[in-house]
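Asker: Given the sequences, and given the hints that come with them, work out the whole structure.
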Amino acid sequence: TQSNLEKYFPGVQPLDALGKELVWIDADTIRAQVTGVVEDYTENSDFIFRDFISYATIQTEEQKEWYGLHHWGNVNSSSQLFVKLEKGSDKNQLEASLAAIVDKNFDKDDQASTTFIAEPLAEMHFGETYSGTSVSKVFLNGLVYIGLIILVLATLNFVNLETAMAIGRSKEVGIRKTLGGRRWELIYQFLVETYLMVISAGLIGLALAELIRNLFSSYLPSGFAVEYLLVSNLLFYALFPLILTVLSGIYPALILSSYQPVRAIKGERAVSTGFSLGVFLRKNLTILQFSSSIAFIILVLVLQAQLRYVSSQPLGFEKEAVMYAKLPFMSDPDQMLRVQQLMNQESGVYGASLSGSLVSSNSLWTSDAWIPVDTTEKQIFTQVLNVDSAFVAVNGIPLLAGKKASNREDEILVNENFLKEAGYPDAFSALNQTIRFGGAERKIVGVIGNFHSRSLREEIRPLLMTYNSKFFQTISVKLEAGQNLAQAKLALESRYKEVYPYESEEFHFLDEAIGEFYQEDLRIKNVLTAATFLAILISAMGLFGLSSYTIAQRTKEISIRKVLGASVFQILGLISKEYILLVLVSFALAVYPAYYFLSDWLQEFAFRLEMPFWLFGIAGLGVLLLCLLIVGLHSYQASQTNPAKVLKDE
33 TQSNLEKYFP
43 GVQPLDALGK
53 ELVWIDADTI
63 RAQVTGVVED
73 YTENSDFIFR
83 DFISYATIQT
93 EEQKEWYGLH
103 HWGNVNSSSQ
113 LFVKLEKGSD
123 KNQLEASLAA
133 IVDKNFDKDD
143 QASTTFIAEP
153 LAEMHFGETY
163 SGTSVSKVFL
173 NGLVYIGLII
183 LVLATLNFVN
193 LETAMAIGRS
203 KEVGIRKTLG
213 GRRWELIYQF
223 LVETYLMVIS
233 AGLIGLALAE
243 LIRNLFSSYL
253 PSGFAVEYLL
263 VSNLLFYALF
273 PLILTVLSGI
283 YPALILSSYQ
293 PVRAIKGERA
303 VSTGFSLGVF
313 LRKNLTILQF
323 SSSIAFIILV
333 LVLQAQLRYV
343 SSQPLGFEKE
353 AVMYAKLPFM
363 SDPDQMLRVQ
373 QLMNQESGVY
383 GASLSGSLVS
393 SNSLWTSDAW
403 IPVDTTEKQI
413 FTQVLNVDSA
423 FVAVNGIPLL
433 AGKKASNRED
443 EILVNENFLK
453 EAGYPDAFSA
463 LNQTIRFGGA
473 ERKIVGVIGN
483 FHSRSLREEI
493 RPLLMTYNSK
503 FFQTISVKLE
513 AGQNLAQAKL
523 ALESRYKEVY
533 PYESEEFHFL
543 DEAIGEFYQE
553 DLRIKNVLTA
563 ATFLAILISA
573 MGLFGLSSYT
583 IAQRTKEISI
593 RKVLGASVFQ
603 ILGLISKEYI
613 LLVLVSFALA
623 VYPAYYFLSD
633 WLQEFAFRLE
643 MPFWLFGIAG
653 LGVLLLCLLI
663 VGLHSYQASQ
673 TNPAKVLKDE
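Quick note on the working numbering: the sequence shown kicks off at 33 and runs consecutively.
Quick caveat, the hints were computed from the structure, so don't treat them as lab data.
Hints are supplied without guarantee of correctness; some may be wrong.
As the list claims (entries may be wrong) - Derived pair list, reagent style DSS-like, types lysine-lysine, alpha-carbon separation capped at 30 Å:
| # | residue 1 | residue 2 |
| --- | --- | --- |
| 1 | 436 | 169 |
| 2 | 116 | 96 |
| 3 | 452 | 436 |
Answerer: Shown next, in the form of structure tokens:
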């Protein structure tokens, strides 16, 4: 690309760069001739490549072995195929063609299969093709849905309160109609008032959006900014308030404009002995608000409980005081051993280990192992870790039988689940048994306890540990207890630089890497917590306004009951029972949606809580207590009013 041309050959024009040679130096040293310069792609993209080297150039013997280029069956995430389809072609046709390639070139094995799945380039940002760059579309869509739910709650709240308080403007409506005002003019006036409120809320919302963008910058890509003046955004600012005004304002406007002038001026209300649409709506909108609040609370409580559960489970290894760093790609084995020796010489270091990946990570290498059974062989699909002899001790993995590996390619360690799959009755019976793996015979020299090499979303697989020093990519260091971790980190990085002076790698903590398994779940929980707060706030505000209005309408009834001897508790019970019923109905409506989503989410975890229904009850009880508190305060205030003041006009 043009930017890398400036870096490699400052001041050289693209035409003059053609034919120049570049050398990428490492264990996989590559010589390449510049045959073209392309313009930099400046838009936001996960397709971030700056150098493009022909496929034929990289086919050295080292590269062929590393990537398995010599065999059809070796496919991994480093192998990517980009296809530009002809017009009229679709994803299904492409996948059918890829399936034909599999049938032609891959071994027909009943135990394992290879499938190629096509993914649009536009979806790469949301896929799992490239680790570290993918973003969950489910999470993003969830944010949109939560925003819409909050907006719906606010709209329902507005409709509820406006219709409840409509009687307060009855005289205004009566006078306007008496002076010749038409109904459509009144509707227009009330909609304009609603529109002004929506516009004001929108302006405040834009300010809050910018504030939240800064507060939650860690959730967003670096350099992320909202382009408020885009044409699409300007259209949104103009049209969305109009739509929201119509949805939230039309029903209250119709109610207000329908009052009869004479009755309205007298302050009389229409007496309904049958079904009242207004009362029906007010009660049901309140139920919907509380249902949403209860559902949000249930979601947050269960998510929190499950995350606490997975974080408290024993992992089968020690994650505390373990630091790690990535090694340069295809590094020289002698250099890797030199780094390990320097780490072991550092004071405060318990031990250092080289491996293909961390003891627990998103990395996954699977293969087949063949176990002798009488005159045949039993095939086991197993996870493989490439480790040195110090790996078990550095990571604190319990050794159940035998010895740790001795940095020999013909020796392996296996876990308990491997024994179970292979049919060995106990750990000791597996020792010194010979199995076939990687095209060669290997001897089992030790059995280790099961441990979680992946997140708790997955079951623990049968696992074997092998040794191949050429393919180590990670160094892990166990620190002695009581070390200053910040100083230890600097010391280790200094040692690392002695061997790899041009690398910018830093040491990281193993427990932080494991915590990243559940980063998206934690983000969902945090977002739901914020949504829950907003939902409860909106519902509480709506209930506050509605209950104050309702109780104001029943002030004379309360006073008469008090004169006739009713106690304060009887009056509180009389008014509160209606709201208790509303909360109970809300709880019943909230339970199934919350259960449905939680059940689906919990199914993603191989290790999970049983559905904690008691948390459902706590959520319902919490909302009920909040409701009784709000209604109770209003009821108590009304019950303390002097009946003589209320009934003096009767």
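Asker: For the pair supplied as a hint, residue 116 and residue 96, confirm whether the alpha-carbon distance does not exceed 30 Å.
Answerer: Judged against 30 Å, a Cα distance of about 26 Å means the pair holds.
Asker: For residue 452 and residue 436, compute the direct alpha-carbon distance and say whether it is at most 30 Å.
Answerer: Holds, because 20 Å separates the two Cα atoms, which is no more than 30 Å.
Asker: Measure nothing beyond the straight line between the CA atoms of residue 436 and residue 169; if it is 30 Å or shorter, mark the hint as holding.
Answerer: Violated - the C-alpha atoms of residue 169 and residue 436 are around 44 Å apart, more than 30 Å.
Consistency note: the structure conflicts with earlier hint 1 alone.
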